[in-house]
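Protein chains: 2
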Amino acid sequence: MRVAVIGVGLIGGSVAVAARERLGALVSGVDLDMAALEVAVARGLIDRGCGTVREALQGAEAAFVAVPVGAVIATVEAVLDAADAECVVTDVGSTKRAVAAACDDPRFVGGHPLAGTERSGAGYARADLFEGATWYLTPTRRTAPRSYERVAALIARLGAQPEAIQPEDHDRLVATISHLPHVLANVLVSQAAAAARHLPGFVGPSLRDAVRVAGAPSAIWTDIYLENGDLLALAIERTIAHLGEFRQALAASDAALITSLNEAAAAARRDLLGTAS
Amino acid sequence: MRVAVIGVGLIGGSVAVAARERLGALVSGVDLDMAALEVAVARGLIDRGCGTVREALQGAEAAFVAVPVGAVIATVEAVLDAADAECVVTDVGSTKRAVAAACDDPRFVGGHPLAGTERSGAGYARADLFEGATWYLTPTRRTAPRSYERVAALIARLGAQPEAIQPEDHDRLVATISHLPHVLANVLVSQAAAAARHLPGFVGPSLRDAVRVAGAPSAIWTDIYLENGDLLALAIERTIAHLGEFRQALAASDAALITSLNEAAAAARRDLLGTAS
Chain A
367 MRVAVIGVGL
377 IGGSVAVAAR
387 ERLGALVSGV
397 DLDMAALEVA
407 VARGLIDRGC
417 GTVREALQGA
427 EAAFVAVPVG
437 AVIATVEAVL
447 DAADAECVVT
457 DVGSTKRAVA
467 AACDDPRFVG
477 GHPLAGTERS
487 GAGYARADLF
497 EGATWYLTPT
507 RRTAPRSYER
517 VAALIARLGA
527 QPEAIQPEDH
537 DRLVATISHL
547 PHVLANVLVS
557 QAAAAARHLP
567 GFVGPSLRDA
577 VRVAGAPSAI
587 WTDIYLENGD
597 LLALAIERTI
607 AHLGEFRQAL
617 AASDAALITS
627 LNEAAAAARR
637 DLLGTAS
Chain B
367 MRVAVIGVGL
377 IGGSVAVAAR
387 ERLGALVSGV
397 DLDMAALEVA
407 VARGLIDRGC
417 GTVREALQGA
427 EAAFVAVPVG
437 AVIATVEAVL
447 DAADAECVVT
457 DVGSTKRAVA
467 AACDDPRFVG
477 GHPLAGTERS
487 GAGYARADLF
497 EGATWYLTPT
507 RRTAPRSYER
517 VAALIARLGA
527 QPEAIQPEDH
537 DRLVATISHL
547 PHVLANVLVS
557 QAAAAARHLP
567 GFVGPSLRDA
577 VRVAGAPSAI
587 WTDIYLENGD
597 LLALAIERTI
607 AHLGEFRQAL
617 AASDAALITS
627 LNEAAAAARR
637 DLLGTAS
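From first to last, the protein sequence lines stand for chains A and B.
The numbering used here applies: residue 367 is where the first sequence begins, and numbers increase by one.
The numbering used here applies: residue 367 is where the second sequence begins, and numbers increase by one.
Hints in this document: simulated from the structure, not taken from any laboratory.
Keep in mind that this is a model prediction, so the values were computed, not measured.
Incorrect hints may have been included.
[Claimed, not checked] These stretches of chain A come out as covered by chain B in the derived footprint (C-beta under 8 angstroms, 3 or more residues): (1) 550-561; (2) 571-582; (3) 597-610; (4) 620-634.
[Claimed, not checked] According to the in silico footprint, chain A covers these stretches of chain B (three or more CB under 8 angstroms from chain A): (5) 554-560; (6) 575-588; (7) 599-613; (8) 631-638.
[To be verified] Some chain B residues judged to face chain A by a derived CB distance under 7 angstroms, without partners named: (9) L539; (10) G570; (11) A618; (12) S619; (13) L623; (14) T625.
Ideal placement from N, C-alpha and C gives every residue a C-beta, glycine not left out.
Just chain A, with the same shape it has in the complex (with noise of 0.2 angstroms):
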């Protein structure tokens, strides 16, 4: 089978070179940043880079979209009107309420795979990224059935686990696991940083886990956190009451409160992760 990736960074190059070596697919990629492109040509993650949009949609019969979410629902038409009419197309954006809304083809269906890791870039990706990972999709009632199924079958021999979720719920979970985590490591590696100036050496490994996310890389970030921004606001408004509710203990030492806190986090940390985590 034909696959386009267009997109070929951390996410697409991992799609590409899954696809080729899961899939025996032949693989063509489009990326803006030719770099990018000879890069995932150099490491084999496609068989063929290509100039234009149309050029990599030639004969394919699956399209990942994965560029940036200011970009995906610009790119997701572009790409819906090179393609075939058999070809489904998919996108790996981290908010999906926006497209979803935009793009109402039959043969689209919004994804996000919840995988990743804090470096980006052709250079880091791989074909084992997804495996075990929940991929997110979000058909809609403009989605086709066979559409839905194609692109989740096709996921799940990525190694993915597709999961069919409403793309509100979807934004709404991710504001709060994924999006706040960031603004959070953020918030506090600054303040690190700023405590340590002139104090060297004591990075320990809990503070380089609460960091590692902070700072990622503007050019993506900033559109997520802006497409999703009225759910995130809702979480930051959430987190500050709980730093209040907590600041208010310690104000009045109440040893029974925190505990009690704490506690409940211990309880949430089981249900999250299971008791042997």
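Since the structure of chain A is already known, use the hints to place chain B on it.
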């Protein structure tokens, strides 16, 4: 040499086994929890399990107090009372102002190794826990220079890097780099668990890292939070202010401000972890 370890949990047990393996010391241990003492003997962390502090201190040239923060002062006092005139005494508690003020004996110097895991207990103790870790020491005007030098030399031989710091500076630093990250992990995990109910399988590596220290044992952490309550409350207030600024930027859809906050976090991350991290 003979070393006494009072409290054979994760940290005390690791001090004990590192002292045995790296200093060739004969290590006596004592713990209020008989089960922990049995584990320490069974795992070979200590040479001898004792029933009392006085028994553990017999002939000891150095004593490490590794009990929960709330019990540190009373335990250090009991140890100083039982220890020989030539025995140096230190503790490993996460806050340093209170113990530095209370325990003014020439043989005593407070300490705090920046090491540990989210696991606690003698079962997880290991000889290499302090390898490369910063180990803060907080000598006061009452600490004999020779006591400081002996403790610093001992912990260097355990693999750590001793670093002298004022108790106040220490507590201000750990409020931001250790206690605040625990509070943020607690606040995040509760929200994530609530958001995730009925939406299984979404816990990616970045969320897992972000909540790793959530719900740390209350028996240890309630005391830590309370002892450092004033400085931790200040760190929380700064965090709330930063979150409020970001929320405002989202509400105003201010892409330039969001990008500049994110770039400041990226720069802080480079400051903190180095460019390669």
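Subject >> Hints breached by this structure >> reply: 11, 13
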